Amino acid sequence: MASTERLLLSGNEAVALAALHAGVKLGTGYPGTPSTEILEAFDLIGGPAQWAPNEKVALEVALGASFAGARSLTTMKHVGVNVAADPLFTAAYIDMTGGLVLVSADDPGMASSQNEQDNRHYARAAIVPMLEPADAQEAYDFTLAAFELSERWKVPVILRMTTRICHAKTEVRPGPERPSSIQPGYERDIPGRVMIPAYARPAHHKVRAKMEEIAQWNEQSDLNRIYPGDRSLGIIASGVAVMHAREAAPEATMLALGLTWPLPMQRIKEFVASVDRCVIIEEGDHLLYEALKVEGLDVEGKPEMYRFSELNVPRVRRILSGDTTPEAKPPRGKPPELCKGCSHREVFEALSRMDCIVAGDIGCYTLGVLPPFEAMDTCVCMGAAIGVGLGLRHTLPDDQARRVVSVIGDSTFVHSGLTGIAEMVYNPPPTGHVVLIVDNSTTAMTGRQEHPGTGRSLNHEPANKMDFAAVCRAMGVKNVEVVDPQKPDEDFEGRLRAMMEKDELSVMIAERPCILAAPLIRKFEKAQEEKQAQCAAAMTD
Amino acid sequence: MAVTNIVLAGLGGQGVVKASDLLSTTAFNAGFEVKKSEVHGMSQRGGSVTSDVRFGEKVLSPMVPMGEADFLLVFESSQVDINRGWLKPGGVLIAPEAIPEGALRNRKSLNVAILGALSVMLDFDEDQWIRSIHTCLAEKLHTVNEQAFALGREVGQKMGRAKETEGV
Ligand SMILES: Cc1ncc(C[n+]2csc(CCOP(=O)(O)OP(=O)(O)O)c2C)c(N)n1
Ligand code: SF4
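Going down the list, the protein sequences come from chains F and Y.
Numbering follows this note's numbering, with no gaps: position 533 of the first sequence is 533.
Numbering follows this note's numbering, with no gaps: position 158 of the second sequence is 158.
FYI, nobody ran anything at the bench for these hints, they're computed from the structure.
If you're wondering where the values come from, they're calculated on a predicted model, not measured in any experiment.
A hint or two may mislead.
As the list claims (entries may be wrong) - In silico lysine-lysine, BS3-like type, Cα no more than 25 Å apart, as pairs:
| no. | chain 1 | residue 1 | chain 2 | residue 2 |
| --- | --- | --- | --- | --- |
| 1 | Y | Lys108 | Y | Lys158 |
| 2 | Y | Lys88 | F | Lys329 |
| 3 | F | Lys334 | Y | Lys88 |
| 4 | Y | Lys108 | F | Lys340 |
| 5 | F | Lys523 | Y | Lys58 |
| 6 | F | Lys154 | F | Lys25 |
| 7 | F | Lys334 | Y | Lys18 |
As the list claims (entries may be wrong) - Over 10 Å on every C-beta distance to chain Y, these chain F residues come out as not near it, computed from the model:
| no. | residue |
| --- | --- |
| 8 | Gly64 |
| 9 | Thr170 |
| 10 | Pro330 |
| 11 | Arg353 |
| 12 | Gly455 |
| 13 | Ala474 |
| 14 | Met500 |
Glycine residues also receive a C-beta, built at the ideal position from the N, C-alpha and C atoms.
In isolation and in its complexed conformation, chain F is listed as follows (with noise of 0.2 Å):
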């Protein structure tokens, strides 16, 4: 029963009062466009919250949570879930304990991302539920909902938001607190939980018996509503793009999924026979037209050139019409660029001024791409900076082998640039190699989070530190350097120069914090200091 109390909130703010509201016992992901403000929005609001290194640490660590039998939610951007595949298809395999919801953010349009992949597929390829909300208040709903379900029926849930629903804000009128009857404590199932092949088996024919019934459950639930209208024309529609659908034609009658896996196929039937005209209105792949198709529905997709970018309500529009005439190209604004004062900046001047091969990586300084620096050579995925760098050194000819370096940032190391080390020290290219950490002491393109490199956690208080150094060291890389890139003393440049010359593994490790962080860090550091000062005032008193 929704309260009086009526709230502005973005998808993410919203998703995170519900996790309070659903007593989420751990809060666990990894910052990612749009995904990053729930983590936070969490914390503030007195939720235990925590960064994971990357999203695969994150799901594990909130599997662990729902065996203990608490609830968890974990977050990440949606080629995190990519990152996290490899324990979620087999998470769905194993009874969830406490619910166990992961939030899948996507970026159709590509406003921050290096894709625009459609995450509707996890939930196809991985056999679990998927809920899409269509604005805030569902978003606080459906995460309420998916944890009831994940208990129920012992699976893990995937909420899948787009940057509308995430960064928009819209009304939410939340309920009262429903948390979960189940108490935290340890029962032991080995196979339910240890999936060898022998019990994996059995579990798999399970959790398609389980999609069966939660597909027979959804043909009656209120996840998805009629919008009734005129019948000459049916639209059926998910996510944000019901919004966009319902503005776009306000006369026609409407089925808007909720719970969009697994389908309600003869609800949507139903539906489909009830109206004369019945259009697929979806944002991204043709997932649910084929889906359709498949069964046989007369129902009407969407043109091809509709697939790219984020709907809106005049393409909604031009889909129902079925207009194909060239798009107005959106104004184009001016790109991001570096800050002024930047410490990335001094490192892209240098590897332009050296003629370098950059195999670069994700984060700010992917922006030493554009110019006036134009001083990197690929961007594939966070770490893939190591990888890409150790493939060019090993084929190119020896003259253009020495000119690749790596590139990668702090938090991206610590993500999943450990493992590249490890290879690099393993299968060691005949011209060695060099990687260098751009490290700005935080996660600055996504907002400024901390990670394990910085010392402090989600929160900003004090947590231990990894040193990339002594890491680096104790895996076996040669020579490691640590220098300050604004600091013209340290001579940056010379000694990449003479790192670069040299055929042996080195990590250079550019440290200076990101300007927009620096006043930060200062502020946690003193906040921190005052902290200890107090305590040992009140020892001695």
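Knowing the structure of chain F, use the given hints to seat chain Y with the ligands on it.
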């Protein structure tokens, strides 16, 4: 009541999102349904940023359709032309030049001054705006932004009078 559509545009670091928070909070507290959305994610300063605010009795899509904005607020001259397409015919543009150079104690409160100019053309009480300034901004910023808002209101009133004499 029809939906009022407002697009705010500027560069990263100019407070585009802050201004749209202030505007949407004001409309929300006045009892309207409000939706606001923007695309953000990049930390770096200097890239283009736009934010859409829509309010009315019932609002559906969170995005203002191209060519349907009643108001376009621009915080940086270079962003005027590329964003003009958002405006509907007869829609109102408030460009940064509307706020005279040097009139603000701190040019950082340009965003709030432009909201002040807008406020004259919307039906919310001045108090409601001031309350939003108090809830959305840190306390040490209240005075300077209240002054910027008042200055913006004067500008807005002049714009309104200019319109009347034009006979629009
Ligand atoms: C698998 C995956 N997770 C998250 C992201 C989002 N993301 C892109 S770069 C990045 C980290 C940036 O931090 P860092 O490497 O320290 O570089 P900086 O931005 O500070 O220069 C994140 C979280 C992503 N692109 N892919
Ligand atoms: S946010 Fe920080 S790391 Fe990113 S460009 Fe600005 S100064 Fe550099």
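Check the structure against each numbered hint from earlier and tell me which ones fail, lowest number first.
Per hint list: 5, 9 and 10 violated.
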